[in-house]
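Work out the full structure: start from the sequences and follow the hints.
Chains as they are written, first to last, in the numbering used here: chain X, 267 to 596; chain W, 57 to 234; chain Y, 172 to 556.
Hints in this document: simulated from the structure, not taken from any laboratory. Some hints could be false.
Listed next, the in silico DSS-like pairs over lysine-lysine satisfying Cα-Cα at most 30 Å (straight line) [to be verified]:
id, chain 1, residue 1, chain 2, residue 2
1, X, 573, W, 143
2, Y, 486, Y, 516
3, W, 92, X, 305
4, W, 62, W, 84
5, X, 573, X, 461
6, Y, 245, Y, 477
7, W, 207, W, 188
8, W, 62, Y, 449
9, W, 58, Y, 449
10, Y, 245, Y, 483
11, Y, 449, W, 61
12, Y, 245, W, 127
13, Y, 516, W, 183
14, W, 188, X, 461
15, W, 68, W, 92
16, Y, 477, W, 183
17, Y, 486, Y, 449
18, W, 127, Y, 486
19, X, 347, X, 333
From chain Y, some residues computed to sit far from chain W (all C-beta separations above 12 Å) [what the hints assert, rightly or not]:
id, residue
20, 197
21, 226
22, 417
23, 509
24, 514
Fair warning: this is a prediction, and the values are worked out from it, not measured in the lab. Heads up, the beta-carbon is just placed ideally off N, CA and C, and yes, glycines get one too.
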Amino acid sequence: MNALLLLLTHPAARLVLWLVLVFAFIGFNAIILVWVERKVAGYVQLRPGPLHVGPQGLLQPLVDGIKLMGKQLVTPAQGDKVLFWAAPLLAFAPAIVCFLPLPFDARFKPLPMNLGLVLILAFSGLGVLSLCLAGWGSNNKWSLLGAARSVAQAVAYEVPLLLCVLAVAICTGSLDLYAIAGHQGAWPWQWYAVKNPLAFFIFLVCAVAETNRAPFDLPEGESELTGGFHTEYSGMGFGLFFMAEYANMVIVAAVAAALFLGGWQGPFLPGIWWFLLKIYSILFFIIWLRWTFPRVRFDQLLNISWKWLTPLALFDFALAVIVVSIRSMK
Amino acid sequence: MKRIKKAFTGLKSLAVGLGVTGRAFYAKNVTVIYPKEEVDNLASYRGHVELVGKEDAPDVPKCVACGSCAKACPSNAFTILCPVPPKEGEAASDPPVMGPAPQRGAKTPSKFILDFSLCSLCGQCVKTCPTKGLRFSNDPYLVSFTREDLKLDLLARLHSQAANSQPVPVPDTESVDK
Amino acid sequence: MHDAFDSAIRGDLSSARFEPGPTEDKLILSMGPQHPSTHGVLRIMLELEGEYILRAEPILGYIHRMHEWMAEQKTYLQFIPNMGRVDYLHAMAWNWAYAGAVERLAGIEVPERAEYIRVAVTELNRISSHLVWWGAYLLDLGAFTPILYAFDDREQILDILQSATGSRLTYSYITIGGVYDDVPDDFRERCIEFVNRLRSRLPMYRDLVTDNVILRGRCEGIGVLPVDMARRYGATGPVLRGSGVASDVRRCEPYGVYDRFEFRVPTYPEGDAMARYKVRLDELEASCDIVEQVVSSLPEGPVTAKVSRVFKPPKGEACMAVEGARGKILVHVRSDGGLKPYRVKLRAPGFSNMSLFSELAQGVLLADAVSILGSLDLVIPEIDR
Ligand code: SF4
Ligand code: SF4
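Have a look at this one:
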């Protein structure tokens, strides 16, 4: 028993344990989130949503997942088989890495490093590559259009996103999510969301766009591109994209919670609960957006980014720099 | 400046939209969870047609096998059969040969089949019947896995209705008459 | 093997004119017949450069059911149910157009009560049709929720119509010489109740959708239809009124008892998708006004004229135009004195409205083409007949 505990303190063992936990968490989360999504959609649309499988339909996503696994995997006749199947895996894999530096709780650091934010930003950028491959590999024109859209969209929204992340990082002087979250207090007025609401707003908009969620779901654009990049995917190929989408949502929500909402800190409850609560509130908001708004058009999407968000984020960043330098002068 | 103002009205409109769906989130559901609950607005639904029994003898149809409903039906949904009277000099076969109504000497149908899979619920048959022998059954629950199941034997239906329900439900001839 | 496959999938009759040409970067795309926003089975061949449309050509025929031919095989009365299937969203108007044409042909006088009921049910049906369009259009634009709100309201109409007609979608209610059946006693109260309900809901529609900045971005200035082009293609209905022409059959050549009611014919001069959108939303209110007036002055009396069950109109021909939810519906009946019509010609407004699309979609983005297509409010079964 003691030997086991000793083993657990070893960094490598902790990493493995963490990976296992992450897998479980992603799977569990996907189920919960699909359920939440459908329930929110239902209630917004004056209907109850899934109801019959499990209590309040809670097991419906699980059953759907099993159904997806049972389906035949179809590869398009003239598609590129390797790229076609590499794409969903590539969409899913970075999501796992991105979970490593998330500050779930102050006491638990799976991978001690001080560049957590960079790791997340780097790996989440990989997601767009997978969409690109999916679009190219399926040899389908709709998919190709979706892939082209996703690249332009990712490029456009990465810029303001990075700028407002930097604005926060500069205030704390660290790229470690633990440090940034720890830098804020337990109460809302100590959070960056209140201190720097503009950055928070820009981050949220970019987060929605980065995860390809409505109203920025152009790469899928069901009513325009039938399914966009995943038109040709069936079964678990589609399922992996689906899981990756939800995992990415969790990641951006978690980063937002760490950067702007004080991470795990909060009164009374243990840290992890606060963190989850904050993540889920943001997720709820993103889902709520989806079921309210129409989709923007492509050029409008780019205009929003280049004409509004990027200048605003630059402005915000400059402001943060000035504030920090004034403070450090004292 | 104008563009900034426009952007703000735009953002406001988005917030208002969120408010609308947000309110809907707490509003009461309007759907009916079908197998557990049932909708309550089906009383006036037409449903397939059925035969009307005579007032004094509910299991005898008012129908006189004239065949005009079959003729009026745009979809050829009826199969009304009566015994064909034997030809001059031939002996009546047993069982009698059946032919489409009207047949000489047949005053009631021997078989009255409605193929509901063809019916377009137009009501021409009900309107056209000279004896007011048809009415809508108001039965919306007609689902089946095969077409054969939708070939309804209206005579059998009438008999079972007469056997099951005492007193006989008042036929809804009101609405048909007008 | 690939070559064989290639030649097998290429070159059906309609796509032959879209063979890839010398320029490599053009994309030939077949949008539909199964596509989420071609509503049913319209197929559009597109030639794209990037996402810009160079050429668009609608292809019909995927749901052709030969209604006109069927008319020649059936008696006058038997053809009535067909009319509801031509345009299932505004079945009443088609029913009325056919019944009206035959009545003109045979010189049948329709009782006053029947005329009033016809107006009431047709307007209710128009509201339901516009509500479906509203929801479906927003679905095209990527908003999932409004269609369910619209359907919530539409259900109320369907309940009312069901109580009168016995059906919820294809009514066969307006028959030659009147209507099939009298309306129930509580018809008036239910109509008033519904009209009030819809009026109280319209501000919500406005808040959620009409004022929404994203929707405005998707509609304003998109698919601008100049008046002369609308005329050239014979566009009618909300599409024409969205270009600023106050043309409405109910007003220009009143049929039935429409001349007795006060109502607004909304027009917007912009001619873009937003104008068409606003015309339809205003028509919801206009129809509410009409329904209110009808049910509060509903006369007593019979609901059908005496029409022989063996109906044989005299030799001749007659024509009847009705304002449907999508525009001017026209039914032309010709009789040779027999039991069956000699010829029935149906003019579907959707057909002319759809013809516009080719020209409107030139040079626009794919997403805008979807928006334009939606704003024309096409019902494909009506176009194909
Ligand atoms: S309702 Fe119409 S289609 Fe149905 S059986 Fe009667 S006449 Fe035929
Ligand atoms: S029209 Fe009436 S009487 Fe004649 S066959 Fe049909 S149901 Fe019988």
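Hint numbers not upheld by this structure, sorted from lowest to highest: 1, 4, 14, 15, 17
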